[in-house]
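A.B. asks: Letter by letter, the chains look like this.
2 protein chains.
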Amino acid sequence: MLNKHESVPLYVQLQNIIRDDIICGKYKEGEIIPSETEMMKTYDVTRTTIRKAIANLVDEALLIKLHGKGTMVCLREMKQNIWNFSGFTDYARKKNEIPVSQVLNKEIISLNNGQFMKLIRLRGTRRETHTKWLTLDTSYVPLALFPGIDQYDFSEQSLYNIMNQNYNIYPQHATLGIHPILGDKRTKQLFGYEGDIPLIMAEGSVHGEDGTEVEKVEVIYGPNAEFKVVTHI
Amino acid sequence: MLNKHESVPLYVQLQNIIRDDIICGKYKEGEIIPSETEMMKTYDVTRTTIRKAIANLVDEALLIKLHGKGTMVCLREMKQNIWNFSGFTDYARKKNEIPVSQVLNKEIISLNNGQFMKLIRLRGTRRETHTKWLTLDTSYVPLALFPGIDQYDFSEQSLYNIMNQNYNIYPQHATLGIHPILGDKRTKQLFGYEGDIPLIMAEGSVHGEDGTEVEKVEVIYGPNAEFKVVTHI
DNA sequence: GAGTGGTCTAGACCACTCC
DNA sequence: GAGTGGTCTAGACCACTCC
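Protein chains in written order, with full-length UniProt numbering: chain A, 1 to 233; chain B, 1 to 233.
Calculated from the structure, these hints are not laboratory results. The hints are all genuine.
Treat identical chains as interchangeable: a pair holds within one or across any two.
No farther apart than 30 Å at their CA atoms in a straight line, the calculated lysine-lysine pairs in the DSS-like style are these:
#1 41 <-> 26
#2 52 <-> 41
#3 52 <-> 65
#4 52 <-> 4
#5 216 <-> 69
#6 69 <-> 28
#7 216 <-> 28
#8 216 <-> 106
#9 132 <-> 106
#10 41 <-> 69
#11 4 <-> 65
#12 65 <-> 216
#13 216 <-> 188
#14 52 <-> 69
#15 132 <-> 185
#16 26 <-> 69
#17 118 <-> 132
#18 65 <-> 26
#19 106 <-> 188
#20 188 <-> 132
Just so we're clear, the structure is a prediction, and the values are computed from it rather than from any experiment.
Please model the entire structure based on the sequences and the hints provided.
C.D. replies: Here it is in structure tokens:
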């Protein structure tokens, strides 16, 4: 139920309830959820509040509205950029695999504007004993923002988890350029393929909630990785 | 001014007015636009209508809201997928260039589920007498939805403009897979380069407002094209 | 304290879908 | 005709920014 005295807006509370109902399977894929009028009675709020909650879930790609019919559960493939860890985790979970990370290199380097941790990781998914490597990530993290971050074990925890939990900084959006490259000796060896095949590289910056740059990153996608985008026109 | 008797919703009319004011420079980058209260008086509509129009422009990455301060013009680099025409036009305009399109092939073909127009276009930008080709687009457009669309001249008008103006269908979002490929003889000739270099290809579907697939598309980016993405984490 | 956007109420009339 | 979501009105109170 909704709590009108809490500081969390009613539409956010409602949004969470509906989202949970979708995820736990109370409302199933392709099903029409209760109408706005019905929810008005159930949750004792006005239609404006219901509609705001639903609109956000439509944006989250969980619901789709059908004029005259109702609102349907529709788990569309999201902006599925498997380059980041949250996407990574989802991707693995869908396939019933475990996300894994191997640290190839970790060092402190000086760039023109300060000290950075340079971290190179091979990332992929594991199913039973078989590991499939998907991306080769090189990150540059400013020590000024994250003092001592080089002490952590990045094969156990994701970089973003550590930023969240230990520094209270939340990576929020990324600006990436996407380039095609030819694989080299290193990518052949790491991803385990032969011949000259083209790969995709994404490079750019990751920003926190206030716009600060929290990471410079370069991701090379191996031949097994998929790269999908959903975009507005 | 707004026309309350037109079938176009007031918030869409208002949205177009504000967007035009931004594009033509009446409201400049970094400037605060008139407040919601002020617009209520100016356009004689309620705040709900104003807010809906503004919310959509925030989604379009033209405005940003600052609680307590106002709503600012903020032409963020969009999910800048220069693969589509609107992005294309913006891209060209920024660089003071003219978007150009050359139709390489146009034919009617039958696929398993009906007849399609297959359209191959080379697209790029022109500055004075020099043309820079950026992408090679192959589109499949269902004739069931767009009867007679093959009669138009696609070197003069964009495909999406024709869909809008003549069929009242608005391409709204795209689902794309992104793959690296090796260029071949054809891409070398068209984009004018030599040697074996990797390119980016995006392929997928474009959907209308109601989710119908309005186009299957494959875009090959030439060596001159940039591909940028802004994504949430 | 004045002005801004954020949330919410309580209605109204409409276009659309389904029967 | 009954039910659905789409648009819109006319208010209220709030948190936030700026002075």
